[in-house]
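The whole structure should be built from the sequences, with the hints applied where relevant.
Protein chains: 2
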Amino acid sequence: MSEKLRGAPVAAALNEKTAAAVAGLSTRGIVPGLAILRVGVRPDDIAYEQSAERRCAALGIAVRRVTLPAGASQEALTEAIERLNADDTVHGILLLRPLPEGLDEKAAVGALAPEKDVDGVTGVSLAGVFTGSGAGFPPCTARSCMEILRHYGVPVAGKRAVVLGRSLVIGRPIAAMLLAADATVTVCHSKTADIPALCRAADIVVAATGRPESVGREHLSKGQVVLDVGMSWSEKKQKLCGDVDPDAAELTGAFTPVPGGVGTVTAAVLAAHVAEAAERIKPETV
Amino acid sequence: MSEKLRGAPVAAALNEKTAAAVAGLSTRGIVPGLAILRVGVRPDDIAYEQSAERRCAALGIAVRRVTLPAGASQEALTEAIERLNADDTVHGILLLRPLPEGLDEKAAVGALAPEKDVDGVTGVSLAGVFTGSGAGFPPCTARSCMEILRHYGVPVAGKRAVVLGRSLVIGRPIAAMLLAADATVTVCHSKTADIPALCRAADIVVAATGRPESVGREHLSKGQVVLDVGMSWSEKKQKLCGDVDPDAAELTGAFTPVPGGVGTVTAAVLAAHVAEAAERIKPETV
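Protein chains in written order, with our numbering: chain A, 1 to 286; chain B, 1001 to 1286.
Careful: at least some of the hints might be erroneous.
[As the list claims (entries may be wrong)] Where chain A lies over chain B, by a calculated footprint (3+ residues, C-beta under 8 Å): (1) 1166 to 1175; (2) 1190 to 1201.
[What the hints assert, rightly or not] Chain B side only, calculated, beta carbon under 7 Å to chain A, not exhaustive: (3) Ile1046; (4) Leu1096; (5) Gly1123; (6) Leu1126; (7) Phe1130; (8) Asp1182; (9) Thr1186.
Hint data in this document are derived by calculation from the structure and do not stem from the laboratory.
Computed from a prediction, not measured in an experiment: that's the story for all the values here.
C-beta: ideal position from N, C-alpha, C; glycine also.
What follows is the structure, encoded as structure tokens:
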């Protein structure tokens, strides 16, 4: 029987550290603040917004929701971002994406102040992940994966890791973070030949294909640790599914369930980043 | 018998394109300019400086050498960089590294104007390589490898590539570029288990370990394409050596010789980047 690597204890441990950081900031008179910027009313966005807001509020982080109508202009979006950039009570900005059609996401991301980029979407943050410089913040989901591995004491150094998917939100950053942790990392994608064989030979598999239950028995082997980043609604099963077939996952050594795995940690990482963004501000500039 | 992938024809093809770009710029009254900034008198630096200067001069690129004494202060270095940043006749800045001990390389690199970073050392350039955004320039050696593969028509998409070494100068950027070209990329390093087996299974091997002739028969297999980025002086052999044992390389399908391989292309890529940096300047701001 395979071990379930549940996200809740990981999130709880992170939240404890964040609460301590928030308490420390409060002795300096600082309340860390997160602004959540949403354009339009996508149900996914609203769900994430609510979960982030709840988590942050519980930890003493001030949350401000800024909502623009679905038809907002690029100028209005840029102006909203610049106002938050300039606001000293806002330490982190979460821009919910994808933006409605017609808006230039690249331009919006480019307008974000890198020091407030708690979701790791700017070039500065991605360069920080790639170079290990520590600038900016890693994408929350990628850091969630690393926190899970650390929390459960999964050895990473010298191990073979296969990352399925090469998005900038998860695939490429998690590959860079695993490499920095001394794993031997292979990134697989739509053009990769014989993905199942590569997967089976890995000690750690990160599934971030975005295709529900696309990772099956042929990909998995005994003793592996599998992190499932997927989260999609299956019409067929009428439920939330990961990228890994849960029956097949039972063949491995340990895996993150969906729901209750990686996704459960994301809001805790976001809150940790907001507190860290507030801590990074030099006392003399407060 | 294995094919030798010589750098000279690759460099010649690149230079032809650069010459055309320089001619195009000259109709707009622009002479692309490269500044080479050197601190101290390391023989390696001087050799690279001379080769870059010769190459650029032959292509109609103006080259300015700026040399600071080995004992220069950080302030003097920053000032020299800022002066070049502000100089409209300088489109590219090559900062020779490593800097003498006592100087903060990170700070120096941070001072470089990203749009003049023709050697791909700034965070902006590395983020550009990692994200594929096209911002900045890739490190010259990494792009040289890609140019060699393209010039000789080596298939990359869907092929397995192993990169030996994870430096920011070559290992990590070439891995990102191979991934962007749809290879399935594995990065190996000092903590990797069984490197020879991983290497043998690859279609493309990029050797960037910095250890002379450390890649031998046990790493190589028939039909592979091997790019040797190494270039070190072997006391034992009293000659310039690559990272790959040249006798072992003969087992493969094709390989870049040392000297005469990757290193031969670098100055041509640098010149191409200088011309491109000049071309990127919008007409109205000239």
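Holds or violated: is the Cβ of Ile1046 (chain B) closer than 7 Å to a Cβ in chain A? Nearest chain A Cβ about 28 Å off; hint violated.
Supplied contact hint for Leu1126 (chain B), tested at 7 Å Cβ to chain A: 5 Å, holds
With chain A as the partner, please determine if Thr1186 (chain B) meets the hint condition of a C-beta pair closer than 7 Å. 4 Å, holds
Counting residues of the segment 1190 to 1201 of chain B whose CB is closer than 8 Å to a CB in chain A, do you get three or more? It holds, with 4 qualifying residues against the three required.
Are Phe1130 (chain B) and chain A close enough, Cβ to Cβ, to be under 7 Å, as the hint says? 4 Å, holds
Is the shortest C-beta separation between Asp1182 (chain B) and chain A less than 7 Å? 4 Å, holds
Closer than 7 Å between Cβ atoms is the bar; does Gly1123 (chain B) clear it against chain A? Give me holds or violated. 4 Å, holds
According to a criterion of three or more residues whose C-beta lies within less than 8 Å of a C-beta of chain A, is the segment 1166 to 1175 of chain B covered? Result for this restraint: holds, n = 3.
Under 7 Å is the threshold here; is the Cβ of Leu1096 (chain B) close enough to any Cβ of chain A for the hint to stand? 20 Å, violated
Checked against the numbered hints given earlier, the structure breaks hints 3 and 4 and satisfies all the rest.
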